[in-house]
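Could you slot chain B onto chain A? The hints should help.
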Amino acid sequence: MNREYLIVDDEPDLCWAFEKLLAAHGLLCQTAQTARAALDLMKARRFQLAFLDVTLPDMNGLELAGRLRELDPSLRFVIVSGYLPREAAAMAQAQARGLICAFINKPFLHEEILGVIEKLAASDNPR
Amino acid sequence: MSKKLADEKRDENLYEMLLNAVPSSVLLVGRDLRITLANRDFLEKCRRTKEETLDRRLPEVFPPAILEHTEIVRRIQSVFETNQPATGERIAYPAPGGQMRIYYYRVLPLPDRDNVEFAILVMEDVTERERLSADIRRLGAQLLQAQKLAALGVMAGGIAHELRNPLTICSSSAQFLMQEHITPEFRRECAQKMQQGMQRASAIIERLLKFTRPAEPRDFVKLDLLAVLNETLDLVADQAKIQNINVNAQLPEAPVFVQGDAHLLQQVFMNLFLNALHAMSPGGLLSVIVQSALRQVTVQVADTGHGIAAADLGNLFDPFQSKSGGREGTGLGLPLCHAIVKQHAGAIAVDSAPGQGSIFTVRLDLSPP
Numbered sequence: 023m024n025r026e027y028l029i030v031d032d033e034p035d036l037c038w039a040f041e042k043l044l045a046a047h048g049l050l051c052q053t054a055q056t057a058r059a060a061l062d063l064m065k066a067r068r069f070q071l072a073f074l075d076v077t078l079p080d081m082n083g084l085e086l087a088g089r090l091r092e093l094d095p096s097l098r099f100v101i102v103s104g105y106l107p108r109e110a111a112a113m114a115q116a117q118a119r120g121l122i123c124a125f126i127n128k129p130f131l132h133e134e135i136l137g138v139i140e141k142l143a144a145s146d147n148p149r
Numbered sequence: 016m017s018k019k020l021a022d023e024k025r026d027e028n029l030y031e032m033l034l035n036a037v038p039s040s041v042l043l044v045g046r047d048l049r050i051t052l053a054n055r056d057f058l059e060k061c062r063r064t065k066e067e068t069l070d071r072r073l074p075e076v077f078p079p080a081i082l083e084h085t086e087i088v089r090r091i092q093s094v095f096e097t098n099q100p101a102t103g104e105r106i107a108y109p110a111p112g113g114q115m116r117i118y119y120y121r122v123l124p125l126p127d128r129d130n131v132e133f134a135i136l137v138m139e140d141v142t143e144r145e146r147l148s149a150d151i152r153r154l155g156a157q158l159l160q161a162q163k164l165a166a167l168g169v170m171a172g173g174i175a176h177e178l179r180n181p182l183t184i185c186s187s188s189a190q191f192l193m194q195e196h197i198t199p200e201f202r203r204e205c206a207q208k209m210q211q212g213m214q215r216a217s218a219i220i221e222r223l224l225k226f227t228r229p230a231e232p233r234d235f236v237k238l239d240l241l242a243v244l245n246e247t248l249d250l251v252a253d254q255a256k257i258q259n260i261n262v263n264a265q266l267p268e269a270p271v272f273v274q275g276d277a278h279l280l281q282q283v284f285m286n287l288f289l290n291a292l293h294a295m296s297p298g299g300l301l302s303v304i305v306q307s308a309l310r311q312v313t314v315q316v317a318d319t320g321h322g323i324a325a326a327d328l329g330n331l332f333d334p335f336q337s338k339s340g341g342r343e344g345t346g347l348g349l350p351l352c353h354a355i356v357k358q359h360a361g362a363i364a365v366d367s368a369p370g371q372g373s374i375f376t377v378r379l380d381l382s383p384p
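Chains A and B, in that order, are what the protein sequence lines are. In terms of the numbering used here, the first sequence is numbered consecutively and its last residue is 149. In terms of the numbering used here, the second sequence is numbered consecutively and its last residue is 384.
Looking at chain B on its own, in the form it has when it is part of the complex:
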């Protein structure tokens, strides 16, 4: 064997080894869609031999469904026409054995002197990655739900108390109605009080259900941050009262629009409010101050509670270090707040010292008008 031939053979082996080492399917396709090269990943995924693949046209090798329902052929052709890489597309490819795999493919021109003779088709298997990110989303949703239930536990006393007031009025009115000699006016008054009491109780239940309803991943929409804050303040109002805590909310008159998910943002403020109440009791002041300037809105949640030690301040938002939950929480409240605020492209910060109370500041971008 001449040296040149030996070199070529060695190069060919090297290329093949390199291609086979790539954890994606790689095909070399000609203008006529004929496959001239296929790496091991592709052959294994399709369970085809080299002989069943090489020198055959794409339509003989790929399932017809893929060729019909995806842009793959058109994109390969565009690479030949433009000499430019084609952007990818997500395709579902049934692996032999029936299991559906998800691929993301790209088509690149194989650089040659003048015109393109070959296109490189690279198919990356993203099935596991997509499954993992779906798992993470699901775990995130479960964590959020667990947090909500934890918040509900903290609020249970307040809810019970809040419900008992309208129930007491209904009960009293009913007892009046059971008396024999009462005037028609008083009878009507009692019935009216009962009706109002039941409506109030039902509104409380409605608010709770709305809060505990599992959040579905949704696209962010333009929403009024003040409406979210007011609803959340309503939910904790009774808890604050039970703990003898005054609530001072300084909210602007006009709506403050941000892009986001009301459900998630409510969870952030619910956590901050309940943490503040927890840090104080009995007695204290919870201040909620909203200020918008330029393109940002700032929500400050300040309490007059026991404050946070300097050593704990640094890892307050770290899910593995946070002690913020204390005995009533899961310890994941603030890390979750942090994650949600980040998701909204915002920032959350804390300023606190032992005995000096704490101020949590949430910054969000204002929605363009």
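Pulled out of the complex, with its shape left as it was, chain A reads as follows:
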């Protein structure tokens, strides 16, 4: 099972960085710059994991996670965002109730992204 990754960030260059990073490790991804575009992508595809920015032009990242989960209950989410103190509580809560499985701060190390991917892949295929 080698499903694609979903990247949602309104910053095109950030989507570029994700694409290059994942491609270097043989992973494919689809990118969306708005919540609407991400929801549209979900109509025809299923994703392994979604990396979401918090501040999207049309919706909050956590809200989008909820909407995407309705479409695919097995989809997991990682929030990638510049840390904002006012978001800290909402993030912790979302993590506690299992909506998101990780929160990565911008700017991030590539190892952090790859680490999350590996960790989740390992939990998917327990030996």
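Keep in mind the hints are simulated off the structure, nothing from the lab. Please read these numbers as outputs of a predicted model, since none were measured by experiment.
Straight line, CA to CA, 25 Å or less: simulated SDA-like cross-link-like pairs of lysine to any residue:
#, chain 1, residue 1, chain 2, residue 2
1, A, Lys42, B, Glu204
2, A, Lys42, B, Ala206
3, B, Lys225, B, Leu241
4, B, Lys237, B, Thr376
5, A, Lys42, B, Gln210
6, A, Lys42, B, Arg179
7, A, Lys42, B, Ser186
8, A, Lys42, B, Glu195
9, B, Lys163, B, Ala354
10, A, Lys42, B, Phe201
11, A, Lys42, B, Ile197
12, A, Lys42, B, Glu200
13, A, Lys42, B, Met209
14, A, Lys42, B, Thr198
15, A, Lys42, B, Met213
16, A, Lys42, B, Gln211
17, A, Lys141, A, Ala116
Computed footprint of chain B on chain A; a stretch qualifies when at least three of its residues, placed anywhere within it, have a C-beta under 8 Å from a C-beta of chain B:
#, segment
18, 27-37
19, 125-138
We put the CB at the ideal spot given by N, CA and C, even for glycine.
Same frame as chain A, but now just chain B:
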């Protein structure tokens, strides 16, 4: 003593008392510039006795610098020639003891039957008044600066977020460049992204510095109100995004010229925008509509927030009553907006009801073409 003489003596005393009660220096000067009368205020300010002053010519009493560098003698003479009051002039007069005092003087003809024999020189000490108005200007500038810093605090989250995006791109590109086997094309692409990211970060910083730079009192100039609005909208764009607020700006295509100070006007709109964002979150719509008609331009700033209670509407612009600042502001934002708009000979009004959002309207005169 005859009754007539006694009356004259009494009148003279009365005049002297009246003159001495005047809180300005008053001199009676003849055609030959001889001083025939000086009130107590003048004598005290110059620390001269009556004997050292009366029946002496102005050049013997006034410091030479004043006679050389001001129009005072010429204006006294013009009063004798024209029988008309001469307009005043601001002079600096070193008081005995070295302290500089600022005076504003006027020269009036003393009405006589046919020709003018005397001119009245009235010198008003405006030192304190000028110092006070300088203090007020300074306090105003400090208040404006405090407001800006408060606005900056509100925007801090947005700024941090806005800066982190280009930083993330730079960081990612640098990490790619650290890999060993990459193509020259990819290397160039990474370097380019880094360069662009740094330029973006630097533009953000530049914009902030421009906003926080202390405003110096300047003369009003003809400026494009739309440029001010666009710059201010740029500054709050990220904050709006963080709060999931849509911004709808309906600005005309052609520039809208007004007379004013861009710095001050930006502060007005920054306050209105941040108040609007503060009233909404999370989610909502901030509309900025600019319409010009005849000789006026109207800027409407509308939000879909919690609105304002009728009881608070009346004193929204009152610095001592306003609650508009809420927990994130100083409570002086709207009074300051009001003061700045007034300074621009404009008007600011509000229309709001609880739960119905608020519309702030700023009206300014268009600059003549």
